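S.K.: Sequence:
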Amino acid sequence: SDAQQLEQRLKALMGKPGGLTARQASARAVATSNELKASEADVKSAAADKDQAEVGYLPRVTLTARYTRLSEIDTQSLGTLVATTQPGPVAAGQPLIGVDLSFPQILDQYLLQANVTVPLTDYFLRTNHANRAAGHNLQAAKYRQQVTKRSAALQAQLAYYGWAQSTLAEVVAEQTLEQAQAHYKVAEAARKADTLTRAELMRFDAQVANAELLLERARSGKEINADALRTLLHDPEDEAYSIGEELLTPLPPLKRSKTSELQRRAQRSRPEFKALSESARAISSQRKAVKASTLPRLDAFGNAYYANPHQRVFPQQDKWTASWDAGLQLTYVINDLPTANASARALDAKQAGV
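The numbering used here puts the first residue of the sequence shown at 13, with every later residue one more than the last.
Honestly, the hints are just simulated from the structure, not real lab data. Note that the structure is a prediction, hence the values are computed from the model and not measured. Everything hinted at is true.
Straight-line C-alpha distance at most 25 Å; calculated PhoX-like pairs for lysine-lysine:
(1) Lys154 x Lys286
(2) Lys362 x Lys300
(3) Lys362 x Lys56
(4) Lys286 x Lys49
(5) Lys161 x Lys49
(6) Lys286 x Lys362
(7) Lys28 x Lys234
(8) Lys270 x Lys286
(9) Lys62 x Lys154
(10) Lys23 x Lys234
(11) Lys154 x Lys300
Make a model of the complete structure from these sequences and hints.
M.R.: Following this line, the structure appears as structure tokens:
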């Protein structure tokens, strides 16, 4: 029968050895997806930001080496002082000695300095929140990468089945045209035998024309779907495909669930929702870090000096001298207040959009 013949022709196009399957199409699309490569770059960038945020926990170490050439000025003198030959009260008749007291000019100044600054308040008010924000951004980037990967695979599968459907639709259209042409020949013979009216013959002719139109549409749809599949798989324009799956195999029954249950499952498992949640948490942590800029900042610092001449040596001497200092510093930048508030409002608007 015509139905059996059509089924045989369709089966002949499916399950081809070396043919393309939906799983292969999705794997090739994922392997060549430019969007997935971009999302992988976003993950690497977020990971670098996370590493940079963790560096904020380390004390800030600064090394300085400086040479300064001073301009020469007039020699400063304290005048002539009178000194005794022996310390203590001056006895009558003890000889006195006049001494010209002045200080040498050392024009070449050298300094080696090591500074360590520990941002005490930043550890709790800024660095911790910035590190959390970077961690949430990294997780959000990973979830977005999963979304991109799944999307590339899904689009490839849809394109594959669309192409396979149009390929089989072309066979159906070809057999439909063959049947219409066969019916027209029978009707034409009946017309010659004067057992069929001309109007009825024209109806059969219209069926042939309609079948030809359907065939052209099927062929056009096949080419369009094949081009779409080649685009997703990044194959050349002359790449030809054959169906590697048995598409007539019955599918397992679909498990029915309530819409509310499907929504809850999607919110728990879909990476899109997880990415949005992580982004919202990142923005919240960023806001806390920004608001910390409105508070005074307490730093502990320590310095080690090795200088020639040393500023603490009086009078100056042309020799290397080591020293150190340590302390606490409380800083409050007034201009940071309006800037931080504006940044916080921008983050609030961004979080509302998420």
